[in-house]
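> Use the sequences and the hints to build the structure in full.
Number of protein chains: 2
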Amino acid sequence: MAIKIIAFDADDTLWDNEPYFRETERKFCEMLEDFLPQHSVSRELLQTEIKDIPLYGFGIKSFMLSMIETAIRISDGNIRIAAIEKILRLGQEQMQLPVHLIDGVEDVLKALQPRYRLVMATKGDLVDQERKLKKSSLAGYFHHIEIMSDKKEADFKKLIDHLDISPDELMMIGNSLKSDIMPVLNLGGHGIHVPYHVTWEHEKVDAMIDHAHFRQVESIKDVLQFL
Amino acid sequence: MAIKIIAFDADDTLWDNEPYFRETERKFCEMLEDFLPQHSVSRELLQTEIKDIPLYGFGIKSFMLSMIETAIRISDGNIRIAAIEKILRLGQEQMQLPVHLIDGVEDVLKALQPRYRLVMATKGDLVDQERKLKKSSLAGYFHHIEIMSDKKEADFKKLIDHLDISPDELMMIGNSLKSDIMPVLNLGGHGIHVPYHVTWEHEKVDAMIDHAHFRQVESIKDVLQFL
Numbered sequence: 001m002a003i004k005i006i007a008f009d010a011d012d013t014l015w016d017n018e019p020y021f022r023e024t025e026r027k028f029c030e031m032l033e034d035f036l037p038q039h040s041v042s043r044e045l046l047q048t049e050i051k052d053i054p055l056y057g058f059g060i061k062s063f064m065l066s067m068i069e070t071a072i073r074i075s076d077g078n079i080r081i082a083a084i085e086k087i088l089r090l091g092q093e094q095m096q097l098p099v100h101l102i103d104g105v106e107d108v109l110k111a112l113q114p115r116y117r118l119v120m121a122t123k124g125d126l127v128d129q130e131r132k133l134k135k136s137s138l139a140g141y142f143h144h145i146e147i148m149s150d151k152k153e154a155d156f157k158k159l160i161d162h163l164d165i166s167p168d169e170l171m172m173i174g175n176s177l178k179s180d181i182m183p184v185l186n187l188g189g190h191g192i193h194v195p196y197h198v199t200w201e202h203e204k205v206d207a208m209i210d211h212a213h214f215r216q217v218e219s220i221k222d223v224l225q226f227l
Numbered sequence: 001m002a003i004k005i006i007a008f009d010a011d012d013t014l015w016d017n018e019p020y021f022r023e024t025e026r027k028f029c030e031m032l033e034d035f036l037p038q039h040s041v042s043r044e045l046l047q048t049e050i051k052d053i054p055l056y057g058f059g060i061k062s063f064m065l066s067m068i069e070t071a072i073r074i075s076d077g078n079i080r081i082a083a084i085e086k087i088l089r090l091g092q093e094q095m096q097l098p099v100h101l102i103d104g105v106e107d108v109l110k111a112l113q114p115r116y117r118l119v120m121a122t123k124g125d126l127v128d129q130e131r132k133l134k135k136s137s138l139a140g141y142f143h144h145i146e147i148m149s150d151k152k153e154a155d156f157k158k159l160i161d162h163l164d165i166s167p168d169e170l171m172m173i174g175n176s177l178k179s180d181i182m183p184v185l186n187l188g189g190h191g192i193h194v195p196y197h198v199t200w201e202h203e204k205v206d207a208m209i210d211h212a213h214f215r216q217v218e219s220i221k222d223v224l225q226f227l
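As you go down the protein sequences, you meet chains A and B in turn.
Anchor point for the first sequence: position 39 equals 39 in our numbering, and the numbering is continuous, going up by one each time.
Anchor point for the second sequence: position 69 equals 69 in our numbering, and the numbering is continuous, going up by one each time.
Keep in mind that the hints were calculated from the coordinates and are not lab data.
Be aware that a few hints might be false.
The list treats identical chains as interchangeable, and a pair is accepted whether it falls inside one copy or across any two copies.
[Unchecked claim] List of simulated lysine to aspartate or glutamate pairs, EDC-like, C-alpha gap at most 16 Å:
#: 1; residue 1: K221; residue 2: E106
#: 2; residue 1: K152; residue 2: E203
#: 3; residue 1: K158; residue 2: E130
#: 4; residue 1: K86; residue 2: D76
#: 5; residue 1: K152; residue 2: E130
#: 6; residue 1: K178; residue 2: E153
#: 7; residue 1: K135; residue 2: E106
#: 8; residue 1: K158; residue 2: E146
#: 9; residue 1: K27; residue 2: D161
#: 10; residue 1: K51; residue 2: D150
#: 11; residue 1: K134; residue 2: D155
#: 12; residue 1: K86; residue 2: E33
#: 13; residue 1: K51; residue 2: E93
All of these numbers come straight from a predicted model, not from anything done at the bench.
So this is what it looks like as structure tokens:
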């Protein structure tokens, strides 16, 4: 069946995101190096984040809370209050960064909009994602914005039902094999993977996908070959 | 025109919510009373929350971050790390509380579902609201769930467009005049106000509404008189 709806992931697909998290994390690890080597701080933070996902979900506020929890734990309660204050400031600063579009994104949206219904399907913090969309000036290209609490098969199933299409009428484009591509392929949809140069540890998968509905391209501009 | 869609607010309309925030806040104010009288702590917290809304949005994670920021500020950095740890614990505990439905809610939804499309329209934390909906076992009654970053006129306008109805085909039922009723009336929709016994300071308005599309009832069960 023909593709009717093209869904785009947002973070690291439409605009840069992960490098900002990594930069905040780098400053966090530096702050904590009196207690643990930086790479161990980073590992501890990831463990806290993964533990906290079921309670907090994804996104910047969750990240701030997990940094605070990690700082207290690895310092055994000896971290200074000034460091907690700095974590709040780092998070708030990150929320206020400008949005930097990935090269070619606007041309791709402009080319596809007349021929498909475009939707943005992203997980993370509701307010933060809406703010980034607004700053990006891309909102006008999308017929529908879906900010999802997670991107598992059940979540995409709900999206497909809500959009009132059959799974094979959906094409998902994103940088995460785990969150954007695999669940959609499993439901019978189509996926184009556009890798980004930084991937969060939690999103990494070792997978070679060989599937009739799957493509991998180097740059977002290359998706136009298939659409 | 006849009502087609009935939208329900969730917190303090379908289930208890504000008392849990007030109980967490009470414990927070107790913790801080070495620095300020409890009622002043409460006022300082409200100020922080209002300042943080544009950055954080509404909901429990925002509340946790605002409590931490307030504790640091009013203690002039002298709050103990154990208190920060306790704020994290209080927030995490609040997230895990059972959901207590307001008396009559399920009967009302059962009676209305065959005759209208029911939607849930709530603001707050995405993950926390989805978790509460799941625990409530009410998800099956709703055709559509909208978790909004705010509930101003522009947000309801988007919802109305998205639902593909005209404003006067929408009836909103909720406990907040400011967030549930007034924006919907202003757009030309209908509203039934069902007051709750506790209201967050930030939601309080001094208003007597006299409007042909407006009703106020004492209990959610009373909405059936008008529908």
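> Does each hint hold? Answer for all of them.
Each hint tested on the structure:
{"no.": "1", "hint": "K221 <-> E106", "verdict": "within (9 Å within a copy, 50 Å between copies)"}
{"no.": "2", "hint": "K152 <-> E203", "verdict": "within (12 Å within a copy, 35 Å between copies)"}
{"no.": "3", "hint": "K158 <-> E130", "verdict": "between (20 Å within a copy, 13 Å between copies)"}
{"no.": "4", "hint": "K86 <-> D76", "verdict": "between (18 Å within a copy, 14 Å between copies)"}
{"no.": "5", "hint": "K152 <-> E130", "verdict": "between (21 Å within a copy, 15 Å between copies)"}
{"no.": "6", "hint": "K178 <-> E153", "verdict": "within (10 Å within a copy, 37 Å between copies)"}
{"no.": "7", "hint": "K135 <-> E106", "verdict": "within (14 Å within a copy, 41 Å between copies)"}
{"no.": "8", "hint": "K158 <-> E146", "verdict": "both (11 Å within a copy, 13 Å between copies)"}
{"no.": "9", "hint": "K27 <-> D161", "verdict": "neither (42 Å within a copy, 43 Å between copies)"}
{"no.": "10", "hint": "K51 <-> D150", "verdict": "within (15 Å within a copy, 28 Å between copies)"}
{"no.": "11", "hint": "K134 <-> D155", "verdict": "between (24 Å within a copy, 14 Å between copies)"}
{"no.": "12", "hint": "K86 <-> E33", "verdict": "within (15 Å within a copy, 24 Å between copies)"}
{"no.": "13", "hint": "K51 <-> E93", "verdict": "between (25 Å within a copy, 15 Å between copies)"}
When the structure is compared with the earlier hints, a violation turns up for hint 9 alone.
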